[in-house]
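Every letter in the sequence shown is one number past the one before it in our numbering, and letter 188, counting from 1, is 188.
Zero decoy hints are in this set.
Restricting the straight-line Cα-Cα distance to at most 30 Å, the calculated cross-link-like pairs of lysine-lysine (DSSO-like) are: (1) Lys98 - Lys129; (2) Lys36 - Lys98; (3) Lys208 - Lys135; (4) Lys247 - Lys129; (5) Lys208 - Lys247; (6) Lys247 - Lys135; (7) Lys129 - Lys36; (8) Lys208 - Lys129; (9) Lys98 - Lys208.
It should be emphasised that the hints constitute simulated quantities derived from the structure, not laboratory data. Computed from a predicted model, the values in this text were never measured in an experiment.
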Amino acid sequence: MGILSVEEGDPVALENAVARGPVILVCEHASRVLPKSLGTLGLSEEALASHIAWDPGALAVSRLMAESLDATLLYQRFSRLVYDCNRPPESPAAMPEKSEVFDVPGNAGLDRAARDARTEALYLPFRDKLSALVKARIAEGRPPVIVTMHSFTPVYFGAPRAVEIGILHDADARLADAMLEAAAADGRYDARRNEPYGPEDGVTHTLKEHGLSNGLANVMIEVRNDLIRDEAGQRVVAGYLTGLLTKGIPAINR
Numbered sequence: 001m002g003i004l005s006v007e008e009g010d011p012v013a014l015e016n017a018v019a020r021g022p023v024i025l026v027c028e029h030a031s032r033v034l035p036k037s038l039g040t041l042g043l044s045e046e047a048l049a050s051h052i053a054w055d056p057g058a059l060a061v062s063r064l065m066a067e068s069l070d071a072t073l074l075y076q077r078f079s080r081l082v083y084d085c086n087r088p089p090e091s092p093a094a095m096p097e098k099s100e101v102f103d104v105p106g107n108a109g110l111d112r113a114a115r116d117a118r119t120e121a122l123y124l125p126f127r128d129k130l131s132a133l134v135k136a137r138i139a140e141g142r143p144p145v146i147v148t149m150h151s152f153t154p155v156y157f158g159a160p161r162a163v164e165i166g167i168l169h170d171a172d173a174r175l176a177d178a179m180l181e182a183a184a185a186d187g188r189y190d191a192r193r194n195e196p197y198g199p200e201d202g203v204t205h206t207l208k209e210h211g212l213s214n215g216l217a218n219v220m221i222e223v224r225n226d227l228i229r230d231e232a233g234q235r236v237v238a239g240y241l242t243g244l245l246t247k248g249i250p251a252i253n254r
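Produce the complete structure using the sequences and hints provided.
Structure representation (structure tokens):
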């Protein structure tokens, strides 16, 4: 038996596949679901409900944005604790033995066969489906804009975080620059460049793999998860981010 059973279905979900807007939204940490074959990874329900297992609110905000932007949304259906699809297979963070203050017993001492099994079950289908989608759009003569969606915890290792919205980029800062300019003019949120994480933390893998490698405009968005705990907050933040993208995307083509 593999990591996933037939009943558990495809690890990758695609919504609004025939969207006409330019944006492809990607949510690598959309779910906290664990494959049945792996049990609880030795973690408590408290840990499995926390931000170490997923990005709370990120999928809900992504869906609202996909509707507003007529964007395609692609996301991973299983927890990043099993495989973090924003990391390459060789990265220790792809299958973390520790996440913030939590040890992950089910990830300790994985041998090559176990790591390969997870990579083949979760990461490769995710990478390949996103790659095929991007290539299809390019072939149609409408190169997409890659936007990855994340949320982060307000307190990390005991330290409060003041930043509310992170606009992250790697070598291509065009879209991030335009969005940060729009955010500064708006003033509603504490929006910052490459916070609370940046390229040096290894968080721009998807941007590099699918955006930079294809010469596509790209950006990673991080939202502090206390802002998107309920539907009202999710709608407000989704509207705000939609506005930043709606202003930012035309600006990079001037």
